[in-house]
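Asks: Chains as they are written, first to last, in our numbering: chain L, 33 to 378; chain G, 33 to 378; chain D, 33 to 378; chain A, 33 to 378.
Note that these hints are calculated values from the structure, not bench results.
Misleading hints may appear alongside valid ones.
Any copy will do: because identical chains look the same in the list, a pair fits if it lies in one copy or spans two.
[Claimed, not checked] Using 30 Å as the maximum straight-line C-alpha spacing, the simulated DSS-like pairs for lysine-lysine come out as follows: (1) K248 <-> K283; (2) K372 <-> K137; (3) K36 <-> K248; (4) K36 <-> K372; (5) K372 <-> K283; (6) K248 <-> K137; (7) K96 <-> K300; (8) K283 <-> K126; (9) K237 <-> K300; (10) K36 <-> K237; (11) K96 <-> K372; (12) K237 <-> K126; (13) K283 <-> K36; (14) K173 <-> K283.
There are 4 protein chains.
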Amino acid sequence: MSIKIGIVGGTGYTGVELLRLLAAHPHAELQVITSRSEAEIPVAQLFPNLRGHVDLCFTEPDVKRLSDCDLVFFATPNGTAMRLVPELLDAGVKVIDLAADFRLKDAQVWEQWYGMPHACPDLLAEAVYGLPEIHRADIAKARLVANPGCYPTAVQLGFLPLIEAGWVDTDRLIADVKSGASGAGRAAAVGTLFGEISENFKAYKADGHRHLPEIKQGLSAIQQTPVGLTFVPHLLPMIRGIHATLYAPLKHNVSPSALHTQFEQYYKNEPFVDVLPTGSHPETRTVRGTNGCRMAVSIPQAGDTVVVLSVIDNLVKGAAGQAVQNMNILFNLPESEGLKHIALLP
Amino acid sequence: MSIKIGIVGGTGYTGVELLRLLAAHPHAELQVITSRSEAEIPVAQLFPNLRGHVDLCFTEPDVKRLSDCDLVFFATPNGTAMRLVPELLDAGVKVIDLAADFRLKDAQVWEQWYGMPHACPDLLAEAVYGLPEIHRADIAKARLVANPGCYPTAVQLGFLPLIEAGWVDTDRLIADVKSGASGAGRAAAVGTLFGEISENFKAYKADGHRHLPEIKQGLSAIQQTPVGLTFVPHLLPMIRGIHATLYAPLKHNVSPSALHTQFEQYYKNEPFVDVLPTGSHPETRTVRGTNGCRMAVSIPQAGDTVVVLSVIDNLVKGAAGQAVQNMNILFNLPESEGLKHIALLP
Amino acid sequence: MSIKIGIVGGTGYTGVELLRLLAAHPHAELQVITSRSEAEIPVAQLFPNLRGHVDLCFTEPDVKRLSDCDLVFFATPNGTAMRLVPELLDAGVKVIDLAADFRLKDAQVWEQWYGMPHACPDLLAEAVYGLPEIHRADIAKARLVANPGCYPTAVQLGFLPLIEAGWVDTDRLIADVKSGASGAGRAAAVGTLFGEISENFKAYKADGHRHLPEIKQGLSAIQQTPVGLTFVPHLLPMIRGIHATLYAPLKHNVSPSALHTQFEQYYKNEPFVDVLPTGSHPETRTVRGTNGCRMAVSIPQAGDTVVVLSVIDNLVKGAAGQAVQNMNILFNLPESEGLKHIALLP
Amino acid sequence: MSIKIGIVGGTGYTGVELLRLLAAHPHAELQVITSRSEAEIPVAQLFPNLRGHVDLCFTEPDVKRLSDCDLVFFATPNGTAMRLVPELLDAGVKVIDLAADFRLKDAQVWEQWYGMPHACPDLLAEAVYGLPEIHRADIAKARLVANPGCYPTAVQLGFLPLIEAGWVDTDRLIADVKSGASGAGRAAAVGTLFGEISENFKAYKADGHRHLPEIKQGLSAIQQTPVGLTFVPHLLPMIRGIHATLYAPLKHNVSPSALHTQFEQYYKNEPFVDVLPTGSHPETRTVRGTNGCRMAVSIPQAGDTVVVLSVIDNLVKGAAGQAVQNMNILFNLPESEGLKHIALLP
């Protein structure tokens, strides 16, 4: 089986990571990759790690050529996919959007956080939120998959077993999250220069980050009532990796072993979620370059607060890897196909 | 005025930082620095940044020579100072211990967390906890100062104005703290190799870190009842800097401007604490190499949780700089003497 | 086909990298991995990136169990393999030593640089130096392969086409080489702490590094007369990667295009050596985690000096990857089997 | 004594470093700092490390206000200073240009390397090249000082004692130089993003970097005949620091001790050049944040090549610090005034 694939965008970090994964995927046949700014440049010239693996050149965006594909990935800035997706869907092409255009169900909320009108709000209901651990069945039948954000993936996977268990006060959830600098993308910007990021650490957007409504939407849907969440993102002096440190107040006494069992049971059939033994602290590097999420849970000092530590690679499980996982589901392939990498350590 | 100074230890990162500060201090006269392992080696050979600034050699520990000093700093591992301090105090020498030997008031709690019997528990009551922002007056009259830990400095300074105001539920405080790798010291260890720390991030000791009882002791003393604190430390892939992200549940409605005013008022006369304008996010690099603490406060999404962001340099305000600040107080010098550095940026 | 494999050592960075590669190799069947210090510990506990990929525990070294293997890799400190290799060879096991025990042909030179007597100098003649680009045919027939050092791989591959062409004065070769810190291994040591390596750069062993005689032996053998080489290694504040900047004085005029053609021709059939277009500068990250060597050549300012830029991943083409390449040759497998990774970028 | 100072530019890394140094200089009185893009923004808002130390706001460039200064520093991109300098000199203001506008004596060479016509070629002869170790006397009498480039400072200081001694073949000098990323400035650019620089290493502009003619001009002037130099710059994954590794072929036998003595004698009265003991390897961090240059010399393996290792902080001795040193000379102050910092280590 061979899936004809198009990529719109693809000059950013999410794009090159998608290319790395697809170039080695046994059923992916890369047909076209578009970029206005890099048109006619060989992909492997921009990203020399792909020399010998990807022969394509970037081309001007062209809906006709994209319509010949079975699947189109959008690795574009927010607000781009929504302008092209309706036409592609009409042409029978499946779409996975790695940006945020179809992640929120409420167009008004989307417009408030993303600061522009939505071009096709009617598709929001149809789009399936591509977190396979929750929506696997719906993804399999979808035409349009909204690939989750990086923080929302790490945070939701960490909170889900707790919410499902009903043990914690979901009015006062706290997510203290830290991301590598690649999460900010490959655009030229002073704030992400080496001289600004290295040997430095800071929080940002403590008052409100776009991933907050996405996480609240996901957790509230599971619980079927709204959750209260304080979400503070921080910028790490490293390239890849997200570490979510999650705090939830216990409503009543829970033993550490019951807590651990709940997480293990919840994820026991998941190929990409690994619950570590009690007392562990997951390291971001143990999932670097892989589609895995590793987590550990504890109740420090036998107190009344659960702590969940959850790590992913923001460019893989937080972006391109999850997109490929969604592709596998869409095309009825084994979910781990092309995603069996072992993390580089060190 | 010239203070004759001895340093015990001084081959670690705290030691070299203390040397950097004292070498440029107008009233410090370095007399002796001891190290069993490096005896007879010039200090500037071990630490070439001190070439031309420090002429001393390390010498074998010798209580007699130390007794000729006005002040002795201990930059030793935990458990060393307590064996020598009584003799030095008897000789009329003032002592500042940069390790943990005299930080906790309760010898039993100390022994539980540090895993050894305390050699002079009777001195615990006399020792003054050297956080000048709280104990300035007592430090001025002390013989023995227990220099605070790095995390406890950043965390206590961040929570103090909140506790003083009485606005938050102190049963559910959360301190999510992140430290540069120099906090782990200069001892040979696999866990702090470059290959282990770089391009990696993790929590550690989530179940209980030695700085937890120190912070709880300090905050509880201010509040005069015990506080409840969840404290999760993390290891940053950078050398210097601590960032404490603090969460406290509001007991009732407080406006962001009232919150900000409370912090500004609380610290308005402090030479080393800088409350940033509303909406700021302090960066660790803005205090690198300096004795400053910078902080910002907010109530994200107008919710019911206060977030305090507090940064220090773990080796300066979190160790050697605070020790020099305490020296200035002990010897009635201007508190900023020798501590006026501007942070390197970038 | 399934090759039964034993690993002696394997708790260092070379070891974990070998495990990563072998765990995904279709013909490698890992039977035993020994470590005195970690005996009975699961491999995946020490290296959590291997969770789900390697089920073995470390065991005490045991020649009998190793003798049941088809192939044994030594990922041990220098001086260990030479004590066990004779017995294993007698038992009909093939051996690849990733340390230096069998790299030099002259036992006296070896003893001078490695500071100990050689345990089996008679095997030095038989051992094949495992640089496949030169010794492929001999490797295929070998019992014992001496896997090259990291610097020697990058430097020899860069100089070979020049020496072969006879265009440069080989009395005055210069190799200015820079290595990531993982090259220093995973042993606890002050010099490789994060606090010592990060935000710092220095040369080391400018007067003489153990890889100097290894490089000179290799280049002199090709040229059939001794070469003169100045070799200055430096330590980079990064984990993986070697960059060799090589300088060779031209004996007579050579055009840039002739130079480039010579390199392209020399390596045109090599699966792992990639000569970049004129004007390129290879980046270490483009080979990170892969067995590739990328290089570029130029004659700056149309002068009389050739500059070769050659990069590898010190843990892969400079160690574990080249060892697997040698394994493939030894067992008559396609040379790229299990070595088709694409580098992570960024 | 108080020097009224203006800064043109000052929003880059060189600018903030100049501000850090001048803010603590006892005789510098900062009057005006101009920036078109940041006009009316407080300097300490852009660079929070300066909070409490610099109260000025950026203002629109205004020759009249600058003319009231005693001294104007240009911390602008190449090509800016040359448009304003003539007017300022006419107004009796002294000028130190930290950019390249007045570094080369030959306008044609300048135009070839900098790709634009020179606005005031007649001033090139008058401008004094501000390397105090060579031109101290001329600087003292100058109106216009061309502050040297970062690489040229490290490279020239390293080669000077050799050229002066006449021991080496200056037709075949090699400078393999490595710079921290701050050398590329604070402009938004993909190439200097954290994601591009971190965990990566590469050479750049191996075919010809603008500092090549500057170095050749300086060395040739000392020797009074042209030198031949191969100069290959590399980009280090760190913020600050230059390490020059210099190679020179000996014309005849020289002993290591004679070599070392020549360097020690040459620099024995220099406040900022420190020749390390034989066998040392200078580390960039030992000069971080300081105006020092540390160097070591050797003749590896008793061969025929001298190796000089020379380190500076590219933003201090390679830019802002040397500019302040030149200011001290211009105004007859002690040369180390305001430049006595001790490097942060670690």
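Asks: Any of the earlier hints contradicted here, and which numbers?
Replies: When the structure is compared with the hints, numbers 2, 3, 5, 7, 8, 10, 11, 12, 13 and 14 turn out to be violated.
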